[in-house]
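I would like the entire structure built from these sequences, with the hints used as guidance.
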Amino acid sequence: MTAMALNRRYSLAPLVGLLSLVIFFVLIELLIRIGVVNRFIVPPPSEIIASFSRVILEEDILHRFVLTATECLTAGVMLTIFGVAGGVLMHRFRLLQQACETWVAAMASAPTVLMYPLFLVIFGRSAWTIIMMGFVAALPPVILKTLEGLSSTRRVLINVGRSFNLTPSQQFWKILFPAAMPTIFVGIRLGLIFALINIVGVEFLINFGGLGALINELAERYDLAGTYASICFVILVSVLFFMSLEKAERWLRPFE
Amino acid sequence: MATNTSQPILVVEHINVRFETPDDGPVIAVDDVSLDVAPGEFLSVIGPSGCGKSTLFNVMGGLLGGYEGRVSVAGETISGPHASIGMVFQEESTFPWRSVTDNVAFPLELIGMPKDKRIERARHFIKLVGLDGFENRYPGELSGGMRQRVSLARTLASEPKILLMDEPFAALDEQTRLLLGDKVLQIQQDLKQTTLLITHNITEAVQMSDRILVMTYRPGKVKRIVNIDLPRPRTSEIVGSEAFGRYVAQIWADLREEASRGMKDDETRTMRVDEARS
Numbered sequence: 001m002t003a004m005a006l007n008r009r010y011s012l013a014p015l016v017g018l019l020s021l022v023i024f025f026v027l028i029e030l031l032i033r034i035g036v037v038n039r040f041i042v043p044p045p046s047e048i049i050a051s052f053s054r055v056i057l058e059e060d061i062l063h064r065f066v067l068t069a070t071e072c073l074t075a076g077v078m079l080t081i082f083g084v085a086g087g088v089l090m091h092r093f094r095l096l097q098q099a100c101e102t103w104v105a106a107m108a109s110a111p112t113v114l115m116y117p118l119f120l121v122i123f124g125r126s127a128w129t130i131i132m133m134g135f136v137a138a139l140p141p142v143i144l145k146t147l148e149g150l151s152s153t154r155r156v157l158i159n160v161g162r163s164f165n166l167t168p169s170q171q172f173w174k175i176l177f178p179a180a181m182p183t184i185f186v187g188i189r190l191g192l193i194f195a196l197i198n199i200v201g202v203e204f205l206i207n208f209g210g211l212g213a214l215i216n217e218l219a220e221r222y223d224l225a226g227t228y229a230s231i232c233f234v235i236l237v238s239v240l241f242f243m244s245l246e247k248a249e250r251w252l253r254p255f256e
Numbered sequence: 001m002a003t004n005t006s007q008p009i010l011v012v013e014h015i016n017v018r019f020e021t022p023d024d025g026p027v028i029a030v031d032d033v034s035l036d037v038a039p040g041e042f043l044s045v046i047g048p049s050g051c052g053k054s055t056l057f058n059v060m061g062g063l064l065g066g067y068e069g070r071v072s073v074a075g076e077t078i079s080g081p082h083a084s085i086g087m088v089f090q091e092e093s094t095f096p097w098r099s100v101t102d103n104v105a106f107p108l109e110l111i112g113m114p115k116d117k118r119i120e121r122a123r124h125f126i127k128l129v130g131l132d133g134f135e136n137r138y139p140g141e142l143s144g145g146m147r148q149r150v151s152l153a154r155t156l157a158s159e160p161k162i163l164l165m166d167e168p169f170a171a172l173d174e175q176t177r178l179l180l181g182d183k184v185l186q187i188q189q190d191l192k193q194t195t196l197l198i199t200h201n202i203t204e205a206v207q208m209s210d211r212i213l214v215m216t217y218r219p220g221k222v223k224r225i226v227n228i229d230l231p232r233p234r235t236s237e238i239v240g241s242e243a244f245g246r247y248v249a250q251i252w253a254d255l256r257e258e259a260s261r262g263m264k265d266d267e268t269r270t271m272r273v274d275e276a277r278s
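Protein chains in written order, with the numbering used here: chain W, 1 to 256; chain Z, 1 to 278.
Keep in mind that the hints were calculated from the coordinates and are not lab data.
Cβ coordinates follow ideal geometry from the N, Cα and C atoms, glycine included.
Check the hints yourself; a few may be wrong.
To be verified - Label-pair ranges, simulated between beta-carbon atoms:
(1) Z/Gly80 <-> W/Arg92: 20 to 26 Å
(2) W/Ser169 <-> Z/Asn136: 25 to 31 Å
(3) W/Ala13 <-> Z/Asp190: 48 to 54 Å
What the hints assert, rightly or not - Covered stretches of chain W (in silico footprint by chain Z; criterion: 3 or more residues with CB under 8 Å from a CB of chain Z, positions within the stretch not fixed):
(4) 145–157
(5) 172–181
Here it is as structure tokens:
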């Protein structure tokens with residue numbers, strides 16, 4: 001296949017993606033209109049679109065959007081720093097790895113969101129409760145993926161470092177860490193997904209702060225179209241974070 | 001002992017390596033192997049799979065401890081990786097996150113050479129292995145043969161007294177292997193680089209070496225040393241010569257018996273595993 005044909009295929013991909021989304025919404029709209037799907041459970045997409053202006057103007061969406069995004073960003077920065085450091089420590093100290101790996105893995109699948117009353121007691125009804133819930137829930141995948149990335153560094157690369165007489169610090173910064181980078185990014189991406197789910201979830205549960213609280217309020221008012229419109233903004237936060245992460249990854253790893 | 005008339009730069013004396021294996025108990029991987037390499041000499045170590053060639057490579061490179069015997073470089077006994085020894089590995093070992101220039105400049109970066117100077121030096125070695133024009137490419141954009149040349153250039157950039165290579169072209173096709181052999185020969189002749197090649201490929205060994213050390217199958221011992229009296233400078237064209245064919249036949253006669261023992265041993269081990277499973 002020629003480069004031009006490949007380029008055309010890649011430029012077509014977002015268009016096809018958008019088109020399939022439009023087809024999906026048209027189908028839902030049709031199913032609701034002919035009565036197959038109950039409009040009091042799933043509002044018609046046309047109503048959701050119409051409710052956007054109302055949600056933006058009346059519900060202070062920008063402020064809530066920024067609030068949720070800031071909470072996500074703070075949790076994301078914290079989990080990158082502490083998660084990567086945790087993984088590195090577990091890789092460095094075999095005893096720590098043997099002692100902790102199992103329960104860190106168990107923590108990854110635990111419904112930590114149910115611990116929100118404890119966090120409320122510790123941090124109060126504040127943004128810190130939400131951030132810490134997101135952080136704690138998202139920490140295990142970052143730790144585990146960092147550990148996996150470092151442990152699966154190809155033996156030959158380590159031997160190259162040894163043959164050049166690298167110090168342990170050089171071995172880490174010049175070989176182990178860059179070799180583990182792709183897996184660490186997978187961990188951060190997973191961590192961000194966990195963090196966003198938990199942040200919006202806790203906002204919803206404690207009815208405080210950003211988009212999660214707004215979804216709660218609109219659902220309480222039985223404003224289904226508004227609720228779904230707010231969910232779209234949560235998706236927008238997610239898209240923004242993933243695009244930024246992709247950009248950071250491309251900057252750090254230009255060879256990919 | 002494999003000897004040469006000039007004062008040797010690398011001396012390996014009575015190396016014994018034993019491994020503890022879960023299935024077969026203690027295994028003698030290398031049994032009383034001694035060899036020496038003169039400055040500028042090209043020595044190949046050839047043997048069937050499992051004869052301890054790579055173990056010997058790791059011992060000489062200082063990557064493996066716990067052996068009996070002594071390895072010395074220019075009279076100095078070594079017990080770990082040594083700046084005088086540069087290693088090229090069998091597996092693909094370029095750093096995928098570094099461009100060709102940055103890969104080759106790696107050892108120069110470690111000694112703190114200023115950036116502009118190390119890039120200039122790296123470009124010299126990139127040209128030496130015939131990769132000029134690919135300086136800014138990443139390993140992922142190169143073929144297997146090109147990546148092995150990057151590894152070779154990176155090792156040469158550290159200007160080692162001895163170049164140790166462990167089957168560097170094992171994963172490549174025969175034509176690429178012959179052409180890369182030409183490249184290595186040319187570099188070795190230009191730099192008068194002392195080289196020790198570990199290989200299981202007879203053609204490759206005869207094409208490049210001054211001497212070939214043939215090893216036995218487990219335990220790995222020195223079976224014979226063959227002096228290759230072919231004219232230099234050599235290229236892969238020598239492969240078609242009658243003298244070349246004679247050397248290949250002579251080494252194969254030595255290796256055949258060892259390779260057959262290795263094959264039988266593999267079959268016996270597989271049957272034993274099958275029996276244990278059933």
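Structure-based check of each hint:
1. Z/Gly80 <-> W/Arg92: 20 to 26 Å: 21 Å, holds
2. W/Ser169 <-> Z/Asn136: 25 to 31 Å: Given a distance of about 28 Å, which is inside 25 to 31 Å, the answer is holds.
3. W/Ala13 <-> Z/Asp190: 48 to 54 Å: The hint (48 to 54 Å, Cβ to Cβ) holds, given that alanine 13 of chain W and aspartate 190 of chain Z are roughly 50 Å apart.
4. 145–157: The restraint on the segment 145–157 of chain W holds, since 3 of its residues have a Cβ under 8 Å from chain Z and three suffice.
5. 172–181: holds (count 5)
Going through the hint list in order, the structure satisfies each hint without exception.
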